[in-house]
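Asker: The primary structure of each chain is shown beneath.
2 protein chains.
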Amino acid sequence: MNVLTKPEDAAAIVAELGRRAREAAVALRNASTEAKNRALADAARLIRAETAAILAANAKDIEAAKAAGMTEALQDRLLLNDARVEGMAKGLDDIVALPDPVGAEIESWTRPNGLAISRVRVPIGIIGVIYEARPNVTADAGALCIKSGNVVVLRGGSDSFHSSRAIVELLRRALKDAGLPEDCVQLVPTTDRAAVGEMLRATGWLDLIVPRGGRSLIDRVTEESRVPVLRHYDGICHVYVDRDADIAMATDVVANAKMRRVSVCGAAETLLVDRAALDTHLMPVLSKLHELGCEVRGDSEVQKRDPKATAATEKDWRTEYLAPVISVATVDGVDGAIRHIATFGSQHTESIITGNEATARRFLAEVDSAIVMHNASTQFADGGEFGLGAEIGISTNRMHARGPVGLVELTTYKNIVRGKGTTRP
Amino acid sequence: MNVLTKPEDAAAIVAELGRRAREAAVALRNASTEAKNRALADAARLIRAETAAILAANAKDIEAAKAAGMTEALQDRLLLNDARVEGMAKGLDDIVALPDPVGAEIESWTRPNGLAISRVRVPIGIIGVIYEARPNVTADAGALCIKSGNVVVLRGGSDSFHSSRAIVELLRRALKDAGLPEDCVQLVPTTDRAAVGEMLRATGWLDLIVPRGGRSLIDRVTEESRVPVLRHYDGICHVYVDRDADIAMATDVVANAKMRRVSVCGAAETLLVDRAALDTHLMPVLSKLHELGCEVRGDSEVQKRDPKATAATEKDWRTEYLAPVISVATVDGVDGAIRHIATFGSQHTESIITGNEATARRFLAEVDSAIVMHNASTQFADGGEFGLGAEIGISTNRMHARGPVGLVELTTYKNIVRGKGTTRP
Chain D
75 MNVLTKPEDA
85 AAIVAELGRR
95 AREAAVALRN
105 ASTEAKNRAL
115 ADAARLIRAE
125 TAAILAANAK
135 DIEAAKAAGM
145 TEALQDRLLL
155 NDARVEGMAK
165 GLDDIVALPD
175 PVGAEIESWT
185 RPNGLAISRV
195 RVPIGIIGVI
205 YEARPNVTAD
215 AGALCIKSGN
225 VVVLRGGSDS
235 FHSSRAIVEL
245 LRRALKDAGL
255 PEDCVQLVPT
265 TDRAAVGEML
275 RATGWLDLIV
285 PRGGRSLIDR
295 VTEESRVPVL
305 RHYDGICHVY
315 VDRDADIAMA
325 TDVVANAKMR
335 RVSVCGAAET
345 LLVDRAALDT
355 HLMPVLSKLH
365 ELGCEVRGDS
375 EVQKRDPKAT
385 AATEKDWRTE
395 YLAPVISVAT
405 VDGVDGAIRH
415 IATFGSQHTE
425 SIITGNEATA
435 RRFLAEVDSA
445 IVMHNASTQF
455 ADGGEFGLGA
465 EIGISTNRMH
475 ARGPVGLVEL
485 TTYKNIVRGK
495 GTTRP
Chain H
75 MNVLTKPEDA
85 AAIVAELGRR
95 AREAAVALRN
105 ASTEAKNRAL
115 ADAARLIRAE
125 TAAILAANAK
135 DIEAAKAAGM
145 TEALQDRLLL
155 NDARVEGMAK
165 GLDDIVALPD
175 PVGAEIESWT
185 RPNGLAISRV
195 RVPIGIIGVI
205 YEARPNVTAD
215 AGALCIKSGN
225 VVVLRGGSDS
235 FHSSRAIVEL
245 LRRALKDAGL
255 PEDCVQLVPT
265 TDRAAVGEML
275 RATGWLDLIV
285 PRGGRSLIDR
295 VTEESRVPVL
305 RHYDGICHVY
315 VDRDADIAMA
325 TDVVANAKMR
335 RVSVCGAAET
345 LLVDRAALDT
355 HLMPVLSKLH
365 ELGCEVRGDS
375 EVQKRDPKAT
385 AATEKDWRTE
395 YLAPVISVAT
405 VDGVDGAIRH
415 IATFGSQHTE
425 SIITGNEATA
435 RRFLAEVDSA
445 IVMHNASTQF
455 ADGGEFGLGA
465 EIGISTNRMH
475 ARGPVGLVEL
485 TTYKNIVRGK
495 GTTRP
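If you're matching them up, the sequences are chains D and H in order.
75 is the number of the first residue of the first sequence in my numbering; add one for each residue after it.
75 is the number of the first residue of the second sequence in my numbering; add one for each residue after it.
Please note that a few of the clues may not be correct.
Pairs involving identical chains hold if they fit within one copy or between any two copies, as the list cannot separate such chains.
[As the list claims (entries may be wrong)] Calculated lysine to aspartate or glutamate pairs in the DMTMM-like style (CA-CA distance at most 20 angstroms, straight line):
(1) 362 x 373
(2) 134 x 150
(3) 362 x 380
(4) 134 x 181
(5) 494 x 150
(6) 389 x 369
(7) 382 x 174
(8) 494 x 318
(9) 494 x 459
(10) 494 x 326
(11) 494 x 456
(12) 494 x 320
(13) 494 x 431
(14) 250 x 206
Hint data in this document are derived by calculation from the structure and do not stem from the laboratory.
Take these sequences, add in the hints, and give me the full structure.
Answerer: Spelled out as structure tokens, the structure:
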């Protein structure tokens, strides 16, 4: 593995990545949809054809991980097999099928002086993606950036270095064959952590950093970066069961929101129950959760009714379990739910279950989260489920993009003004 | 003037501003258009009624500025008079008349599983505006934020402290009378520079910083801020005169782009002339500039033809003069112009003058600036001229908003998802 130790080396390496990225960006910005799709389709073909080579590179990473005593769970994230490689190739094919956002007109209008103004989507420019063990991010992020006209500099986890390098080589080969610069996709060729620091200071050429990983990575990037960051922070998602909720619907939706997959960012972590629904709705919902193997931590009202519930503390209201555990709080109607979410939420995804349209409208208007839902499972917080196709992540930023970030959200716009020799008085 | 020196004080003051801002933000986010308009119209009325008090406060600032030896030009920026106060009040009336962007649906679609998804504009949240001597920014920025549902914390220049305080007091009185929290607008009550540092680190409650001022302010904010920044950097704007340009149109547009007002960010700084147009277009354009009192600095081809032109150096291509000076470079057609702009431009505003639609299309597509124009003066780079109404500035960011930032650009969106008890398989 190409590990460097001298900080000067990291600086020089990142500067060279930048020089190449800037050159590639000019061509990619103006590339035709056809050329981009050709490169992506070819990359999918190469990934399928070179499955053995990818798996061999991955085996090196797995071997090193085992030697380093990596946990089974992390090893599973790192592991590639035939099905997972096919999944990557399929992901590229899916991105080929998505519409190209570049060049689309967002809006247009004409001024009284005759100036015709339009806003047209253009690529953001050069995006740095900093991620951890999952090698499939290499293909996903690379392809999303290519399709949206953005040059990407990938900084994968050191654990997945060989796997990522094998995948990047195929993307670059496909780019070249399609007549696009291979430097549209570059992998930081060192696992030196100093290279990350260099990227975070590269305001001269890097337009955006997308960190994908655990809290400590996001924290480091947020603290150190001088480059704008599109980030995903906590997903402390809430489901509020209102007095006017259908009991069967509440039971289904809460069970799905919490237990379908407990490890995704859209999984519900806290159930809020209307005080007026405690005696009718609470136990059907909790019984179903118990049946599915979910631990329940509740306030005193909940404990009074559910003998299996343990005591929730304030820390529970602030915890993203990502596990089969749910905290349950009693609130005074929709106002109480809105207040609880404002106090303890992470502005990710919240859902209200109610048959009352007026109550739903208040919740949807006043809960200030990236995604607010009515009678739907929080597990729909996902680019694919939104119909965006692939996503590079869910943004909990307030600026630029909130919620799922797909191709469109990876673009910005320019203002085009057309006159007839028009001058300003 | 309330100048504090202990850094602890600045930290405590800014923390208290934050506490109040967060409380006010909940009410303002959900305020009706009517309430916001009532507050703004009332503020305009109060500003007119209290002109004498505002001028008295401004006189204190001017007196201190004179004593400190401030230049005449800066004193003029600081000075208020009846006409300028009326201009502020008129500015508020204009913002009342603009449509409220909050709650507007950007797009909506339905998924095959029946989920109805929409993206709806919501306020960004809490915005910090850090500005220099111009006291009118207090009213403009305050009103734009109120109308777009954003709480604003204003940090005016110490030179304009009394003027800004007088204006903020009237805005707060109007907010209160309209039933909105007066803390929707707060002025940092100290001129201690440490307070700016505290704002730049206030990621816990501040959603956006908008610096308005000179290069050194922007540089400090860019370097230090942990809060996202919407900034306006250099405006090294170019006009390219193509071989297919109408000579009279080129002459008019260049003269307007450079000389209408030389101090605005959209003023042209560099003229690019197609080598194929040197003998036909150059001298008519330059003669007009000379006639208007503009200094010309050109490359050797320009100097050969214009005896009054002095020699331009590479530094000229990188200079925003904001003065009656223009640099003139010969380029090889539209490709040369695109290359020159990519190398030396600041991605603000560039215009092509040509009668050739294909050439114009290439320029508009390939020049990667916030605003690209065809047959129009770069001096139209302005929110009012775009029809946005008032603007808080021109963004040279690539993310979130590019070009003029008006009410719409001061919002973000939330994703609203409506189901029928929908769960994810």
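Asker: Taking the hints in turn, state whether each one holds.
Answerer: Verification of the supplied hints:
no.: 1; hint: 362 x 373; in the structure: within (19 angstroms within a copy, 79 angstroms between copies)
no.: 2; hint: 134 x 150; in the structure: within (14 angstroms within a copy, 70 angstroms between copies)
no.: 3; hint: 362 x 380; in the structure: within (12 angstroms within a copy, 86 angstroms between copies)
no.: 4; hint: 134 x 181; in the structure: neither (51 angstroms within a copy, 47 angstroms between copies)
no.: 5; hint: 494 x 150; in the structure: neither (62 angstroms within a copy, 36 angstroms between copies)
no.: 6; hint: 389 x 369; in the structure: within (16 angstroms within a copy, 68 angstroms between copies)
no.: 7; hint: 382 x 174; in the structure: neither (52 angstroms within a copy, 50 angstroms between copies)
no.: 8; hint: 494 x 318; in the structure: between (60 angstroms within a copy, 14 angstroms between copies)
no.: 9; hint: 494 x 459; in the structure: between (46 angstroms within a copy, 15 angstroms between copies)
no.: 10; hint: 494 x 326; in the structure: between (61 angstroms within a copy, 11 angstroms between copies)
no.: 11; hint: 494 x 456; in the structure: between (46 angstroms within a copy, 18 angstroms between copies)
no.: 12; hint: 494 x 320; in the structure: between (62 angstroms within a copy, 11 angstroms between copies)
no.: 13; hint: 494 x 431; in the structure: between (51 angstroms within a copy, 12 angstroms between copies)
no.: 14; hint: 250 x 206; in the structure: neither (27 angstroms within a copy, 50 angstroms between copies)
Of the numbered hints listed earlier, those contradicted by the structure are 4, 5, 7, 14.
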